[in-house]
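Taken in order, these protein sequences are the chains called A and B. Residues in the first sequence are numbered from 1 upward in steps of one, following our numbering. Residues in the second sequence are numbered from 1 upward in steps of one, following our numbering.
Worth flagging that the hints you see were computed from the coordinates, not collected in a lab. Note that the structure is predicted; figures quoted are calculated from it, not measured. Just so it is clear, CB atoms sit at the ideal spot from N, CA and C, and this is done for glycine as well. One or more of the hints may lead you astray.
To be verified - For each label pair, taking beta carbons as the anchor points, the in silico distance ranges come out as:
hint, chain 1, residue 1, chain 2, residue 2, range
1, A, 275, B, 256, 46 to 54 Å
2, A, 43, B, 292, 47 to 55 Å
3, B, 111, A, 237, 26 to 34 Å
4, B, 130, A, 345, 46 to 54 Å
5, B, 137, A, 345, 37 to 45 Å
6, B, 202, A, 42, 44 to 52 Å
7, B, 299, A, 237, 55 to 63 Å
8, A, 46, B, 197, 50 to 58 Å
9, B, 202, A, 345, 35 to 43 Å
10, A, 345, B, 256, 19 to 27 Å
11, A, 42, B, 292, 48 to 56 Å
Stated by the list, open to error - Partial pick of chain B residues on the chain A-facing surface, computed with a CB cut under 7 Å:
hint, residue
12, 95
13, 222
14, 232
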Amino acid sequence: MSTTAVPEVAVTAVDEGFWTRARKTGLVLLGLGVLAAVLFGALATGQQARFTLSETEGGAALEIHGTVGAILFGIIAAAAGAALLAGVPKRWFTLVLGVGLVAFVLSFLCWQVSAAPEGRNFMPLVNVVRGTFILALPLIFGALAGVLCERSGVVNVAIEGQLLMGAFSGALFGSITGSVWVGLVAAAIGGALISLLLAVFAIRYLVDQVVMGIVLNLLAVGVTGFLYERLMQTDATKYNSAPRFSNWEIPLLKDIPLLGPALFRGNIFLYVGLLLVLVIHLALFRTRWGLRTRSVGEHPTAADTLGVRVLRLRYRNVIMAGMVAGIGGASYTLALYSFTKNMIGGKGFIALAALIFGRWSPTGALLAALFFGFADQLATYLGAIGSSIPSQFLAMLPYLATILAVAGLVGRVRAPAADGKPYIKG
Amino acid sequence: MSDVNPVSGSPDKEPATEAQEARSEARATPTAPAGDPDRAVPPAATPAPGKESRPTLGKLFLDNLWAANTVTVTVLAVLLAMLVGAVLIIVSDPEVLSTYSYITARPSDALNASWTVVSEAYANLFKGAIFDPDASGFTAALSPISETLTYTAPLVFTGLAVALAFRGGLFNIGAQGQATIGVILSAVVGFALPLPPGVHLLVALIAGALGGALWGFIPGILKARTGAHEVINTIMLNYVAVYFLSWIIIQSGVQNPNRSDAISKPVESSAQLPRLLGADLRVHAGILVAVLATWFIAWLLNRSTLGFELRAVGENPDAARTAGISVTKTYVLVMVISGLLAGLGGSNMVLGSTANALTPLVIAQIGFDGILVALLGRVKPWGVLLAALLFGALQAGGNRMQSYSGISLELVTVLQALIVIFIAAPAMVKAIFQLRAARAARLQTSLAKGW
Numbered sequence: 001m002s003t004t005a006v007p008e009v010a011v012t013a014v015d016e017g018f019w020t021r022a023r024k025t026g027l028v029l030l031g032l033g034v035l036a037a038v039l040f041g042a043l044a045t046g047q048q049a050r051f052t053l054s055e056t057e058g059g060a061a062l063e064i065h066g067t068v069g070a071i072l073f074g075i076i077a078a079a080a081g082a083a084l085l086a087g088v089p090k091r092w093f094t095l096v097l098g099v100g101l102v103a104f105v106l107s108f109l110c111w112q113v114s115a116a117p118e119g120r121n122f123m124p125l126v127n128v129v130r131g132t133f134i135l136a137l138p139l140i141f142g143a144l145a146g147v148l149c150e151r152s153g154v155v156n157v158a159i160e161g162q163l164l165m166g167a168f169s170g171a172l173f174g175s176i177t178g179s180v181w182v183g184l185v186a187a188a189i190g191g192a193l194i195s196l197l198l199a200v201f202a203i204r205y206l207v208d209q210v211v212m213g214i215v216l217n218l219l220a221v222g223v224t225g226f227l228y229e230r231l232m233q234t235d236a237t238k239y240n241s242a243p244r245f246s247n248w249e250i251p252l253l254k255d256i257p258l259l260g261p262a263l264f265r266g267n268i269f270l271y272v273g274l275l276l277v278l279v280i281h282l283a284l285f286r287t288r289w290g291l292r293t294r295s296v297g298e299h300p301t302a303a304d305t306l307g308v309r310v311l312r313l314r315y316r317n318v319i320m321a322g323m324v325a326g327i328g329g330a331s332y333t334l335a336l337y338s339f340t341k342n343m344i345g346g347k348g349f350i351a352l353a354a355l356i357f358g359r360w361s362p363t364g365a366l367l368a369a370l371f372f373g374f375a376d377q378l379a380t381y382l383g384a385i386g387s388s389i390p391s392q393f394l395a396m397l398p399y400l401a402t403i404l405a406v407a408g409l410v411g412r413v414r415a416p417a418a419d420g421k422p423y424i425k426g
Numbered sequence: 001m002s003d004v005n006p007v008s009g010s011p012d013k014e015p016a017t018e019a020q021e022a023r024s025e026a027r028a029t030p031t032a033p034a035g036d037p038d039r040a041v042p043p044a045a046t047p048a049p050g051k052e053s054r055p056t057l058g059k060l061f062l063d064n065l066w067a068a069n070t071v072t073v074t075v076l077a078v079l080l081a082m083l084v085g086a087v088l089i090i091v092s093d094p095e096v097l098s099t100y101s102y103i104t105a106r107p108s109d110a111l112n113a114s115w116t117v118v119s120e121a122y123a124n125l126f127k128g129a130i131f132d133p134d135a136s137g138f139t140a141a142l143s144p145i146s147e148t149l150t151y152t153a154p155l156v157f158t159g160l161a162v163a164l165a166f167r168g169g170l171f172n173i174g175a176q177g178q179a180t181i182g183v184i185l186s187a188v189v190g191f192a193l194p195l196p197p198g199v200h201l202l203v204a205l206i207a208g209a210l211g212g213a214l215w216g217f218i219p220g221i222l223k224a225r226t227g228a229h230e231v232i233n234t235i236m237l238n239y240v241a242v243y244f245l246s247w248i249i250i251q252s253g254v255q256n257p258n259r260s261d262a263i264s265k266p267v268e269s270s271a272q273l274p275r276l277l278g279a280d281l282r283v284h285a286g287i288l289v290a291v292l293a294t295w296f297i298a299w300l301l302n303r304s305t306l307g308f309e310l311r312a313v314g315e316n317p318d319a320a321r322t323a324g325i326s327v328t329k330t331y332v333l334v335m336v337i338s339g340l341l342a343g344l345g346g347s348n349m350v351l352g353s354t355a356n357a358l359t360p361l362v363i364a365q366i367g368f369d370g371i372l373v374a375l376l377g378r379v380k381p382w383g384v385l386l387a388a389l390l391f392g393a394l395q396a397g398g399n400r401m402q403s404y405s406g407i408s409l410e411l412v413t414v415l416q417a418l419i420v421i422f423i424a425a426p427a428m429v430k431a432i433f434q435l436r437a438a439r440a441a442r443l444q445t446s447l448a449k450g451w
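The following block holds chain A by itself, in its conformation from the complex (with noise of 0.2 Å):
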């Protein structure tokens, strides 16, 4: 059974005695947190990091004097560090190591925002939660779809083209039709539309699931591109002007301080996206479909004993699966901007880390998520306010960060044991 190759293969070196999985992070997180009060605290200067609760500079803010700041959160990332060192209860693990990145987080932020240029020494808060949620939707959809097909076994590489082909298609009877609505359900069903071809590919003629998802990538953008170039260049106010969704606010909700603003006057997306997590979470860890889904994703040939009918489901959820991604394509053409060329340009890569940085969860895909659009965010802000690090190493940050969880440097993450494997009755 060449099948199972993988796991068997990987030579995984067992925390075994002393170093366990906790005190390595720990002594990182204890590395970096010296590393931050030292290098941070130096480099920043004596002015007032101001965090204001608003879009601009006035308004209510959290103020710290720059270098006490950078020194003081590096302290308490080092504290962190030294306590998971020294050995915590298992179930604080994940709390204190939260709290030791934040904290480090927290001193880079010091340290930038009080060396920025007289003036700008201010990071308006609202901007940036609204736009690390609004650079994570695509990221959230996608790496739902992910968690819709993996979890039954499929592997989906093809996120980026289900995201392409959502927003094309989005976009094109979007403006055809002149109804956001119209756009919506074509972008579920052009996202659909990728997905269904890798299920008949996957699931009946057993290609290669990784295999089949570059290539339907590249059909994507291929296909999208070529009609691009022949539709909607010609023709741009009757195949590329679809309607946008406007912005709903939600009562009551918007007013919260710094959540309502940034978060409670968006657009559908940003709440279907939020909705979505809530249901894929309840409807895979709650309801029986959700089991099925999970014991076919681990072992299909149990699921099936049990009569569970293992082909069916795996379609049904990879469909499901490209309907979800089409949704967070539309969330580019229906709502921000209109259709351009390969404009999806690797999200669809960053949503498959989000999923893998995630463990194959929902919330999990979420908070991964958020982290990676607020680590594209950030770069954003840096480089508004003239900071010295490159934006390009900051973007680099969400591909480094899955390489380390991959490699088991910071919490092994585990696939789905089916996931991948094509099933044969009998």
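Chain A is fixed; fit chain B onto it per the hints.
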């Protein structure tokens, strides 16, 4: 070529085709058993059944021609892809499409218009890739071939990189990133080091290869040490490489001082691959290096100890380990050699005639195309060379198609992707054309492994 067992690894590939085989077997004449997978049309290889009268050579040839062997499936896949491409051309042309509104009244209009636009597009594809009958003069006549070979050279390297990793049981999606690091190092050596001609070129090529090897080493060692899946890591490293490229281009010392946009200094002429057919034709010595590399990889895979170990690990790591082969060492070596090849592919993009300076898009899509080339070439070195030729031809022809017929170059991407989709699912091609069964034309590595 001594070949790996075609019924390798993934047992799952079998049953899908069995139904097909049963069906088509029943329909086909029982005289000619399926041909050998590797030789396209070898009548001699089929033992004549005892009871029946000996079929004539010609009949055997025809039978085998319509069997699902590698060549037949490939040709049919190309035809199918072009058919889908033709549909795309038609539906994206408003003028042609308008003739379809009255197709019941005058079908000839619609058919004529469709035929005109499609045939013109594909004629230009052919003229741009192989031969233009209207061309006069030596240079003009050779120009299409020269273009094709220019596009082929880097694809051979990236295709070999992916194919070699496949044979070792690894899926190297990172050829793009490895080529990116390769192109950076080659270019930097190309404009920063003052070396005599010849030596300069050699050093630049080696630098590119080393860069790619380094970028291949990372996922290799991670896979060997921690079991981290190479697909994930290579995808991630692709993007890290892209951002590194976009950062390094705008550093002082690298960026062209006369330009404000993101472009590096040009590579010195002493580090450029010499052109083969004079300055007017773009074909350069990269294609010769590519053929050499193909030969070397074919030797490495089929004749060397390392190649044997590599294939053994690719077929069945557990068995290989039992036999005393170090799986971890092999994984690392496979990825390093694979990265090295991809890095050379990257070098070709900046040391050849495609570009002479770094830009954010300097290597285009050669890494991803390399995956397609490897699959189309059935992950065999000489197959990769042929597949790269086809893709190079499509690229070169696509350029002409774009400028003469106004058909977007993206159509080439569509064709390439479709060809590989059809190749990857030979059962489907067989079903569409009702081909007789043969065990060939199947991806011969055990690819299906999941994360």
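Checked hints:
no.	hint	verdict
1	275(A) with 256(B): 46 to 54 Å	50 Å, holds
2	43(A) with 292(B): 47 to 55 Å	51 Å, holds
3	111(B) with 237(A): 26 to 34 Å	31 Å, holds
4	130(B) with 345(A): 46 to 54 Å	34 Å, violated
5	137(B) with 345(A): 37 to 45 Å	43 Å, holds
6	202(B) with 42(A): 44 to 52 Å	45 Å, holds
7	299(B) with 237(A): 55 to 63 Å	59 Å, holds
8	46(A) with 197(B): 50 to 58 Å	57 Å, holds
9	202(B) with 345(A): 35 to 43 Å	37 Å, holds
10	345(A) with 256(B): 19 to 27 Å	25 Å, holds
11	42(A) with 292(B): 48 to 56 Å	54 Å, holds
12	95	11 Å, violated
13	222	5 Å, holds
14	232	5 Å, holds
In this structure, the earlier hints numbered 4 and 12 are contradicted, and the remaining ones agree with it.
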